[in-house]
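J.: Please take these sequences and the hints and turn them into a complete structure.
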Amino acid sequence: MKELKKLTLDRPTTYRIRLPGELHESWTDWDGKMTVTVEREGDGPPVTVLTGIVDQAALHSLLRRIYSLGLPLVSVICLECSSENGG
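In my numbering, the protein residues as written are 2 to 88.
Some hints could be false.
To be verified - Calculated cross-link-like contacts (lysine to aspartate or glutamate; reagent style EDC-like; alpha-carbon spacing at most 16 Å):
(1) K34 - D56
(2) K7 - D56
(3) K7 - E81
In short, the hints are calculated from the structure, not lab data.
T.: So, in C-alpha cells, the structure goes:
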C-alpha cells in the first residue's frame with residue numbers, strides 16, 4: 002500500500018486544476034511550472050487542465066490569479082495526496 006505524503010507549506014507538490022473553457026498555452030508564462038492541456042468529452046464543452054509541481058504559496062497565487070480573471074474552478078486536486086493517483 003502506497004503511503005500518502007503529508008502536505009506542508011514549503012514542499013512542492015503536484016496539483017491538477019480544472020477550469021471550464023479553453024485557455025491558451027501561453028497562459029502559463031506566469032511561472033512556466035504548469036502544463037496546459039484541453040480535454041473534451043464527446044461533443045461536450047472543453048475543460049482546461051493545469052498540471053504542475055508548485056508549493057502552497059505558488060498554488061495560492063495561481064488560484065488568486067484565476068479568481069481575478071473571473072474564471073470558475075471545476076476542481077483542484079493534490080495528485081500526490083489523493084487516492085486518484087493509486088495511493
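J.: Now tell me, hint by hint, if it's right for this structure.
T.: Going down the list of hints, with the structure as the test:
no. : hint      : in the structure
1   : K34 - D56 : 11 Å, holds
2   : K7 - D56  : 13 Å, holds
3   : K7 - E81  : 9 Å, holds
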